[in-house]
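**Student:** Following the hints, position chain B against chain A.
Protein chains: 2
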Amino acid sequence: MDIGGTRTRVAALEQGQIKARRSFPTQSLVELKVGLDQVLQEAGWAKPQAIGVAAAGPVDMRSGQLLNPPNLPPGMRTASVGTELQATFGCPVYVANDATTAAIGELEYGHKAQDFVYITWSTGIGGGIVCGGRVVWGATGQAGEIGHMVIRPRGPRCGCGKRGCLEALAGGAGLAKAARRRFGQAISARELVTLAQKGNPQALELVKTACQAMGQAVALLWELLEPELFVFGGGFTGSWDLLAPRVLEAARPLARGSLRLAVTPLGDDVGLLGASALWKHISPDWGALQAGRVRTPG
Amino acid sequence: MDIGGTRTRVAALEQGQIKARRSFPTQSLVELKVGLDQVLQEAGWAKPQAIGVAAAGPVDMRSGQLLNPPNLPPGMRTASVGTELQATFGCPVYVANDATTAAIGELEYGHKAQDFVYITWSTGIGGGIVCGGRVVWGATGQAGEIGHMVIRPRGPRCGCGKRGCLEALAGGAGLAKAARRRFGQAISARELVTLAQKGNPQALELVKTACQAMGQAVALLWELLEPELFVFGGGFTGSWDLLAPRVLEAARPLARGSLRLAVTPLGDDVGLLGASALWKHISPDWGALQAGRVRTPG
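Just so you know, the sequences run in chain order A and B. Heads up, the first sequence is in my numbering, so the first residue is 10 and it goes up one at a time. Heads up, the second sequence is in my numbering, so the first residue is 10 and it goes up one at a time.
Simulated from the structure, these hints should not be mistaken for lab results. Just so you know, these numbers come straight off a predicted model, no measurement behind them. Some hints could be false.
[Unchecked claim] Taking lysine to any residue pairs in the SDA-like style, the calculated list, with each CA pair at most 20 angstroms apart, reads:
hint	chain 1	residue 1	chain 2	residue 2
1	B	Lys217	B	Thr246
2	B	Lys217	A	Arg161
3	A	Lys217	B	Arg161
4	B	Lys217	A	Arg163
5	B	Lys289	A	Gly141
6	B	Lys121	A	Thr149
7	A	Lys42	A	Arg302
8	A	Lys289	B	Gly142
9	B	Lys121	A	Ala148
10	B	Lys289	A	Arg143
11	A	Lys289	B	Arg143
12	A	Lys56	A	Gly301
13	A	Lys121	B	Ser292
14	A	Lys217	B	Arg163
15	A	Lys42	A	Glu93
16	A	Lys121	B	Asp294
17	A	Lys121	A	Leu268
18	B	Lys56	B	Gln24
19	A	Lys121	B	Ala148
20	B	Lys121	A	Asp294
21	B	Lys217	A	Pro162
22	B	Lys121	A	Ser292
23	A	Lys217	B	Pro162
24	B	Lys217	B	Arg191
If we strip away everything but chain A, and leave its shape as in the complex, we get:
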């Protein structure tokens, strides 16, 4: 399952094939369990082999506990998803943050590159890093926070409290804020992009500034990790023709290698597919701890 800020997707998957699926507004654990029951029934399964959960981070990788993710509704923020689902469905439950999980989806079912960076470009900006076919988790599983790399130390305030994070410069919420300042009225990132596509020079300028920040991030990620590919997902990929050339134009002079940008072929299912393969890519230590959080009977 993929627990997003507004919607949750649940599916029964067998070797990457979706047998049954449901999607509903993210509210509380109750809806999750109902959704799981429904897809199990539809798939004709008594019980899942394992449940993989992608959730808006941060997630404590040892317990699978959500650490009060700001982007989830209050009813979900402190929910003991792993413990509860494991007790109810009697199978191991693995939980990880959604951007890393999306990278796993891309690794298993998308471009299948061995060295790539996955970037969710949406209201916020998240990321997952794969090096040599392995997920980069970080010391406690918090790696991949591409959106919170500080690109301009004196830049605009980010939701995380810092200044000049990539997310504040190029994320949807940051862009909407910049647009309000520029146009003197509330305007969403989507509306701004549409205006830019129609050739509005002020909108184009704001979009270009966002693409410059994203380009700088892409370039420095290339120098650090030498990925063969950058894979993008999230709402902004709907305006790829407008954005990709501008990101590349900004990034090229800042990196010494060839940059390849692509959109995930998996669309909104990337996180769901990744969640289904999480058992395979979670580090063995965390996997054992998460699966062992409830001693299942028998």
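**Tutor:** This is chain B only, laid out in the frame that chain A set:
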């Protein structure tokens, strides 16, 4: 062996213990072979099991060929180190860039953290990344170029041709350039740091600016990779008491986690020790290609 811009170190190592060692100015392949012969004789070995070579990059990881590294003297730049040593000494020879090799040294014999970033802070700035106990090589082995992350797109010109790279802002050569502009006379990075230690306000300001760039890099590396530790090597670690607090002060507001900086306990031997363990950490594909570059008789 560790082929540096000015000196080359050669040693006979057995399980991380140095049996014999030599150090001489980097010139050409001739001196390398003589040095190897000497340490072999002193160690009482007929032939090494394997030779690991750390060299100023870039290195073609499939062939182990040096790709004209700008920091090596002309006689070494295009030398076929791998092929020549393999033919002469009849054992597999593995070649990799010196910053990555230093990270391997640190992983095997230093702090032994499983998730860390190694940073060589010297005339130039290099890096090696270890995630989950594994070296991050990148698609073709060029990852870890921390010095060439662009921190300030309109900053000073870097030796690589780009502007505002970390190396141009905080490396010894960049710092010397900035000092010449400020003081109106040639002054080395070492002299500048000594002046700063004595409390010269202009020197302190230049050092602070360099530390700010390093701090910004450290912070964004933390957000990306969540290392448990940043390990520093190179000449600047000789002034650690001056630099470390300033780097931390700059980094802390830009990262959301706790940052630990340390100096490698291995000193100038970190690359040499890493080279001796390169066979273990080179990706199997490249290792096989490099070891297979000359069919050794028998």
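**Student:** Taking 20 angstroms as the top limit, are the C-alpha atoms of Lys217 of chain A and Arg163 of chain B close enough?
**Tutor:** Given that 20 angstroms is the threshold and the Cα spacing comes to 17 angstroms, the pair holds.
**Student:** Is the Cα-Cα distance between Lys289 of chain A and Gly142 of chain B 20 angstroms or less?
**Tutor:** 18 angstroms, holds
**Student:** Please work out if Lys217 of chain B and Pro162 of chain A have their alpha carbons no farther apart than 20 angstroms.
**Tutor:** 15 angstroms, holds
**Student:** Are the Cα positions of Lys42 of chain A and Arg302 of chain A separated by 20 angstroms at most?
**Tutor:** Holds. Lys42 of chain A to Arg302 of chain A sits at ~18 angstroms (cutoff 20 angstroms).
**Student:** Measure nothing beyond the straight line between the CA atoms of Lys121 of chain A and Ala148 of chain B; if it is 20 angstroms or shorter, mark the hint as holding.
**Tutor:** It holds: about 13 angstroms lies between the C-alpha atoms, which stays within 20 angstroms.
**Student:** Does Thr246 of chain B sit within 20 angstroms of Lys217 of chain B, going by the straight-line distance between their CA atoms?
**Tutor:** Cα-Cα ~15 angstroms, so holds.
**Student:** Is Lys121 of chain A close enough to Asp294 of chain B, meaning Cα to Cα at most 20 angstroms?
**Tutor:** This hinted pair holds, its Cα atoms lying about 18 angstroms apart.
**Student:** Decide if the proposed pair is consistent with the structure: Lys121 of chain B and Asp294 of chain A, CA atoms, cutoff 20 angstroms inclusive.
**Tutor:** 18 angstroms, holds
**Student:** Measure nothing beyond the straight line between the CA atoms of Lys217 of chain A and Arg161 of chain B; if it is 20 angstroms or shorter, mark the hint as holding.
**Tutor:** With Cα atoms ~18 angstroms apart, Lys217 of chain A and Arg161 of chain B stay inside 20 angstroms; holds.
**Student:** Given the hinted pair Lys217 of chain B and Arg163 of chain A, is their Cα-Cα distance within 20 angstroms?
**Tutor:** Within the cut-off at roughly 17 angstroms; holds.
**Student:** Would the hint linking Lys56 of chain B and Gln24 of chain B be met if the CA-CA limit is 20 angstroms?
**Tutor:** Since the Cα atoms of Lys56 of chain B and Gln24 of chain B sit roughly 16 angstroms apart, the hinted pair holds (cutoff 20 angstroms).
**Student:** CA of Lys289 of chain B to CA of Arg143 of chain A, is that 20 angstroms or under?
**Tutor:** This hinted pair holds, its Cα atoms lying about 18 angstroms apart.
The structure shown violates none of the earlier numbered hints.
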